[in-house]
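Heads up: the protein sequence lines correspond to chains R and D, in order.
As numbered in our numbering, residues 2 to 50 make up the first sequence, in order.
As numbered in our numbering, residues 8 to 481 make up the second sequence, in order.
Everything labelled a hint here was simulated from the structure, so no lab data went into it.
The beta-carbon is built from N, C-alpha and C at its ideal position, and this holds for glycine as well.
It cannot be assumed that every hint is accurate.
[As the list claims (entries may be wrong)] DEER-style ranges, computed between Cβ atoms:
| id | chain 1 | residue 1 | chain 2 | residue 2 | range |
| --- | --- | --- | --- | --- | --- |
| 1 | D | 31 | R | 4 | 46 to 54 Å |
| 2 | R | 47 | D | 144 | 57 to 65 Å |
| 3 | D | 16 | R | 22 | 30 to 38 Å |
| 4 | D | 239 | R | 3 | 29 to 37 Å |
| 5 | D | 258 | R | 4 | 49 to 57 Å |
| 6 | D | 16 | R | 47 | 24 to 32 Å |
| 7 | R | 22 | D | 178 | 25 to 33 Å |
| 8 | D | 144 | R | 31 | 37 to 45 Å |
| 9 | R | 3 | D | 16 | 48 to 56 Å |
| 10 | R | 3 | D | 53 | 22 to 30 Å |
| 11 | R | 4 | D | 240 | 29 to 37 Å |
| 12 | D | 267 | R | 3 | 53 to 61 Å |
| 13 | D | 8 | R | 47 | 23 to 31 Å |
| 14 | D | 182 | R | 4 | 17 to 25 Å |
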Amino acid sequence: MIDFEEELKKFHPSLEIEEAEEAIYNQDLTDMADVLVKMIKDVKEEEQR
Amino acid sequence: MNCYNCGCRLSEKNFCTSCGADVAVYKKIIHISNRFYNDGLEKANVRDLSGAIISLRQSLKFNKNSIKARNLLGLVYFESGEVVAALSEWVISKNIRAEKNVADDYINAIQANPTRLDTINQTIKKYNQALVYCCQDSLDLAVIQLKKVLSLNPKFVRAHQLLALIYIKSEELEKARRELEKCLAVDANNTTTLRYLKEINSVSALDGDRGQSAKEKRKSSEDVIRYQSGNETIIQPMNVKEQTGFSSIFNIIIGGVIGLAVACFLILPARISAAKVDMNAELKSVSEQSDVKSSTIAELQQQVKTLTSSNGELKNQVSSYEGDSGTLQAGNNLIKAAQLYIADPSKVEDIANVLANIDMENNGENISREFQSLYTTLMDDIGPKVSATYYSTGYAAYKKGDYANAITDLTKAFDFDNTNIEALYNLGNSYDKNGDTANAQKTYAKLIELFPDTERAKRAEANIAQLNAQDEEQ
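Whole structure, please, built from the sequences with the hints as guidance.
Shown next, in the form of C-alpha cells:
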C-alpha cells in the first residue's frame, strides 16, 4: 500500500525561472574525463619528484 | 575526438600523435559516454523519458562536453514539463559551444515568447503551491492548483503523478488511473507512474473480490447516460421519470411561494431601507432649506423693526416740525411778527401776541441761528415795551384783586423783559394772594436769585419767611 506521506517526500519543489541562473552556477560539471586528466597529472608529478 | 592534453584531433592510435599523451583510457571514457548517449537517444525515441534522462546524465558524467547529450537531455526535460531544468542544460551547452549549437534555437524559441515564459513560471509556482497545500493536508486546494497547472502544461509529469497520488489518497482510483495514463502517454516507462498503477491495480483486484458490490456499482453506472458537452461530462439518469400533472402544478406553487418569500424577506427590506435613506436625505435637504429661510425671515423681521423705529423717529421729527408749537409754525409766527414790525413798529401788542405763540423752549434744538438772531432782535426791540404794557394791565388786575389775570399778564411781562423786577415781585404777590403759596415762594426765590441785594429781594425774603411761618403755624 502506498504511504502518502512517504511518497509526498519524494516530490520536491520545481526550480523557478528566477532561480535557474543560480542552479546553473552551482551545478557540479566535473566528469570522468576531468578525473582522468587530474589522475594523470598527479601521476606525472609523482614521477617528477 | 580531441586530445585532453593538447587539443589536437586524435587518430586511431592510443596516444596523441601531436603531444604523445596516452589517450587509451580517455578514449574509453568518451566511448562510454557516447554509448550512454545512444542509449538515451533510443529511450527517448520510444518515449521512455525517465530512462533517457538517466542515460543522458550518465553520458554527461563521463563527458561533460557532449553537446548532443546535453541538448537531448534538455529536450527530454522540456518534454516532461521540466522547463527550468531544460533551460539550464541548454544554457550550459551554449556556454560550452557558442557557435553552431541547436541549444541556441531552443533558448530563443522560449525567450522569444514572453507570454509563454510567464505561463511557464506561473505553472511552476502553482505546482510548488500545490505541494505546499499537500504538506498542509489541504488536498482540495492542491487538486485545484494542480488542475490549473496541467491546463497550462499538460505534459508536466510530476504534476500528473502528484495529482494521481492525491486521488489515490482520497480513494478516487479511476481518476488516479486516468492521470497515470496521461503520465504514461508522456513518459512511457516512468518508475513512479508504473508503481502507482500497480498499486491501483492491486487495490482494484481486492475490490473485485467483493464482486457483488462492484457489479451493483457497475450496474448503477450503466443506468446512466454519459455524454460530453464541450469540456463537461453530462451524466443523465435513465430510470428517473419526469414528474407531470398535479405534482408539476404543486412545484410551481411552491416555487411561487419561495419567490414571494424571497421578495418579502430579502428584496423588500432592501427597497424599504433604500427608500428610508432617500427620505432622510430629502428631509435633511428640506430642513436645511427651512433653516436658511428662517434665518432670512429673522433678518427681515429685524430690518422691519429697525425701519419701523426709524420711521417713528422720522414721524416724531416731522410732527416736531408741524403743529401749533412746531418749528414750522414757530418760523411762520416769527415771519408774521417781523412783517407786522416792519409794517408798523408801534403795534407792539399785535407783535407781542404773535411772538407769544413761539415756543422757544420746545424748539430750542431745531431753530436756526438766523431764527434765533431775528427773534432776539425783535424781542430786544419790542420786549420792554410789551413787558411794560402787560405789567400795567397785570398790576391793574392785581390791584383790583383779579389775581388770575394778574398772574397771566405779569408772567408775560416778565417773559418779555426778564429785567422787569417789579413784574416778578408782583407776580409773587399775586400767587401769594391767590393762595398759591408754593409758586409764590418759587417766584420770590427766583427774584432773590436774579436780583440779589435789592430792596425787592429783601422784601421777597421777608415774604418767604412770612409764608414759612404761616406754614409752620398751620
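Hints the structure violates: just list their numbers, smallest first. Hint 7 alone not satisfied by this model.
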